[in-house]
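K.L.:
Listed below, chain by chain, are the residues.
There are 2 protein chains.
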Amino acid sequence: MPLMSNSERDKLESTLRRRFFYTPSFEIYGGVSGLFDLGPPGCQLQNNLIRLWREHFIMEENMLQVDGPMLTPYDVLKTSGHVDKFTDWMCRNPKTGEYYRADHLIEQTLKKRLLDKDVNPQDMKNMEKILTTIDGFSGPELNLVMQEYNINDPVTNDVLDALTSFNLMFETKIGASGQLKAFLRPETAQGQFLNFNKLLEINQGKIPFASASIGKSFRNEISPRSGLLRVREFLMAEIEHFVDPLNKSHAKFNEVLNEEIPLLSRRLQESGEVQLPVKMTIGEAVNSGMVENETLGYFMARVHQFLLNIGINKDKFRFRQHLKNEMAHYATDCWDGEILTSYGWIECVGCADRAAFDLTVHSKKTGRSLTVKQKLDTPKERTEWVVEVNKKFFGSKFKQKAKLIESVLSKFSQDELIRRHEELEKNGEFTCQVNGEIVKLDSSLVTIKMKTTLQHIREYIPNVIEPSFGLGRIIYCIFDHCFQVRVDSESRGFFSFPLQIAPIKVFVTTISNNDSFPAILKKISQALRKREIYFKIDDSNTSIGKKYARNDELGTPFGITIDFETIKDQTVTLRERNSMRQVRGTITDVISTIDKMLHNPDESDWDKSTFGLSPVKI
Amino acid sequence: MPLMSNSERDKLESTLRRRFFYTPSFEIYGGVSGLFDLGPPGCQLQNNLIRLWREHFIMEENMLQVDGPMLTPYDVLKTSGHVDKFTDWMCRNPKTGEYYRADHLIEQTLKKRLLDKDVNPQDMKNMEKILTTIDGFSGPELNLVMQEYNINDPVTNDVLDALTSFNLMFETKIGASGQLKAFLRPETAQGQFLNFNKLLEINQGKIPFASASIGKSFRNEISPRSGLLRVREFLMAEIEHFVDPLNKSHAKFNEVLNEEIPLLSRRLQESGEVQLPVKMTIGEAVNSGMVENETLGYFMARVHQFLLNIGINKDKFRFRQHLKNEMAHYATDCWDGEILTSYGWIECVGCADRAAFDLTVHSKKTGRSLTVKQKLDTPKERTEWVVEVNKKFFGSKFKQKAKLIESVLSKFSQDELIRRHEELEKNGEFTCQVNGEIVKLDSSLVTIKMKTTLQHIREYIPNVIEPSFGLGRIIYCIFDHCFQVRVDSESRGFFSFPLQIAPIKVFVTTISNNDSFPAILKKISQALRKREIYFKIDDSNTSIGKKYARNDELGTPFGITIDFETIKDQTVTLRERNSMRQVRGTITDVISTIDKMLHNPDESDWDKSTFGLSPVKI
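Quick note, the sequences are listed as chains A and B, same order.
Throughout the first sequence, residue numbering follows numbering that gives the first Met the number 0, covering 0 to 617 in sequence.
Throughout the second sequence, residue numbering follows numbering that gives the first Met the number 0, covering 0 to 617 in sequence.
If we strip away everything but chain A, and leave its shape as in the complex, we get:
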């Protein structure tokens, strides 16, 4: 499948604007870059996408949906690592005050220099290497490239300031005193982790299970361009699937075993060769160890199925594995579902194994256990270092403080206990800090020893496999992949949206004005409404050709036209958007044909479904 040409992209964007699929927000105020409004057809498409996502993931897997606030207190995001690590590197033009995101600036500049005829082969190879691995660069590495390649302001050619790190979260304050610092969430995931205990409880303590959230998240992009693909406020859908770290198999993996997916592995990327993904079944990929485990593989296959269902072109999709240093601070393996558009490959879905990172850090910070307690069928022996206090002396020596000291001792890790045991052996005593105070303990007060106990319960922090969707980006990719231009004299554009995604399913119109038509229109409307088919009446005073063109631009798959024959015999024409073919039948037959195609995926084929209707010659 070829990429869209520039003129096609212009045509696409102007169609999207003219039909109000979307528009820059606050446009009459000059707009704010990175913020967009969806208009009526855009909203309807987004609603359809959300509904299909819920059916494909939440309903099908009995996921537990959670809906939390975007306002998130500082502490939560400090713990999760976002305060320190959710940053981009940027540089400023000291003369104009303009800011640039460093990695994007480097990419843009090097891509331009590669087109230069005089570039020597070694330079070319170096620059290509940078471009394929830049996603994994640290700040100092980016700075080095900036210097080595003398990268200045792309507009003014001014020398830029050195790189600085910029946190991408929007900050605000909660409450009248202004003392509670908060951010707008950068992802919905944290809200799910914090509810882990409640989710586990309503799942009756059983694991694995998944939670899911659909909602807006925020990212204060440094200088957002490329329209809907890089925005500051975006709709996400995220799944957190909690699994036993010792068993990441998936009960339904055999159902997707043979799903064939284009995979661009880490090894392939690091080889520096031409970057063509390898087509492989997910079964093979997991078997060979390329994809880390079954659960990750299962979701990759399900994501693939989902994207093809909603109109993504199968030849413009790949899963790309993250490079080692590109992965988020929490991930152990990560595959990005990338979609090819006229802007290049766009990351739309991330499938990451976050391991036990989030639950561990939140549990540590809050002191609340976030674990699964599994009853063991056969109890297990466990040998470990323990500390025991001599109750008699301990209590009388420390009085009210005894309990607190005991609790501090009980929290020592195995390593800490070993160290204390050695001290005790060597010096006969050791010290520990309790509430800032140094407490001395000797062997008359405590014993540290190895002890073997029988464990009836296995307690563990689960791992998390996370498929995370940028729904806004996916919407843009649907536009890009479904936009087509008719090969005729007028070369008009239309959207070949799948039936389930199309904003409006049917438009109903009349060939001209006639006193008998309104009653027929009403009858058809009622019949469509009864079957819950979303339709629009196009009763404008334009030619039938213009009406067809307008509704094609909205991607409306079916058109019903009332004409003079309808008055005589209650027949209407039914037009299909992509082929522009028309058939004729009674109102009842036409509507039930549409109903069948819409509500039964097996019967969406036009030829089969309209078999009983009469073809119309145009």
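Think of the hints as simulated: they come from the structure by calculation, not from any bench.
Any copy, or any two copies together, can satisfy a pair, since identical chains are not distinguished.
Straight-line alpha carbon distances no greater than 27 Å define the calculated DSSO-like cross-link-like pairs of lysine-lysine that follow:
1. Lys522 - Lys595
2. Lys128 - Lys84
3. Lys545 - Lys521
4. Lys595 - Lys529
5. Lys215 - Lys180
6. Lys205 - Lys364
7. Lys172 - Lys84
8. Lys84 - Lys180
9. Lys247 - Lys535
10. Lys215 - Lys77
11. Lys396 - Lys448
12. Lys400 - Lys439
13. Lys94 - Lys172
14. Lys77 - Lys180
Dock chain B against chain A, hints included.
P.N.:
This is chain B only, laid out in the frame that chain A set:
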């Protein structure tokens, strides 16, 4: 209908928490007041509510949905009046640093004092008057009451600081430079107004039409209490219906004419009498002028229908008209749809006539016309003051500045022209400011006169009727109104949600464990999924009674139980939640009975629908 007792409310809240309908956000971090998470059944209920709202309003009226960002630049909200007027009055305890919202503190204190046995009749009357009209009090008025009634900190009795005004918007900054000040939107309405021209265009220039948005809005409450009813981040659904200011009739008003609604008018409230609303048809209310116009009345009736459909008790609802000084700065008439809960009357839907306020101020600020151009069937004569320049002298005198001066003159209002005309008559000249410079004009350069022209187009700024829903509050009211306690020995609680609102429609369970049951479970699951009925399997190892109780607490209307007879004859029992009655039939008959009741509102009656099945004696 009696209000809930305190013990019932405790039972309600503990059920909501235990079943994870909702929970305080960030609970393991100690929580943030005014922020809540919805858990799985809460999300599902919210999804159902949104879907029903879209069907009842957007689909039924062909409204144009818009989805815009929450981040909103300063200028937009400065123009809309929110920077200056979206405030509450608060006072601070200088010793503890605690903040109180002044009106709530007064209400709370006076309500307590009214319970005092020694209060004299005149004081009582005064306090009651304050309580019924406090929503309209200005800051100084609140201050006066605080002083007159010696209102101190309710906990410590410390004297409080004088009132200050607090803006309720969350502030943040957009972009790397941090120079673009922004707020989280306090309502979705502004995003719709700013798109007026685009909406009008895709509606083919025709008016009236309505736009709608569903999304989160924010309000930095001073000290939020009362759980889900007063939150800092909330889901809204807002409709902006644009009408001709000279014609606020509604084409479908006759369809709702006889809808009977309890109305508490402004006059009734100001009378100081017992505040019982008057039941009246909306037809009468509009006819008598109590409700300002048909469109406002139409929406009030539609709101009323909607709320009763989703489970609000008709005897615990009223529309209360805003007092004159209580209305928002933009409104000309406003009725609050209020719902009675154990927390008192709660404002859940506002129906306001915002007149032309918003479009006017945004148009003025941006210089962009936000008007409707109506082609007149018969052109109209229009006589008005005009200014004409003497091109010959004017151009040679002012040179490059001529155009600018002419444009300033062309923007004079009728009043300004009359004033200038008088000056010109009296002094032979007048002055005007052009870019800060004073320009003198005499009668050789300009003429000001009355002129009659023929108008073919009428251009006007439309008025806006706005029904605005707090969906989060409505959800709490549904909980409150649907919670019931069985009159039996165990007095267990359950939710009598309407079928369309219930989070889960069917639970499927088995009487015990048996090797034949899983296959039957699978068969039933497939049949339910095919009919798009949302169900849960309850295969826990508990007694059937406990399973019923648990699913009653989730408000699941139907239960299918597989027992040993099922193996023999493929029959199952079907249980109804409210009556706990059971019938028996084949799997096919039971599922098609449920399907009928769920998808056809006319067939939701249990007795009629289960007529063909056999009653089970329990």
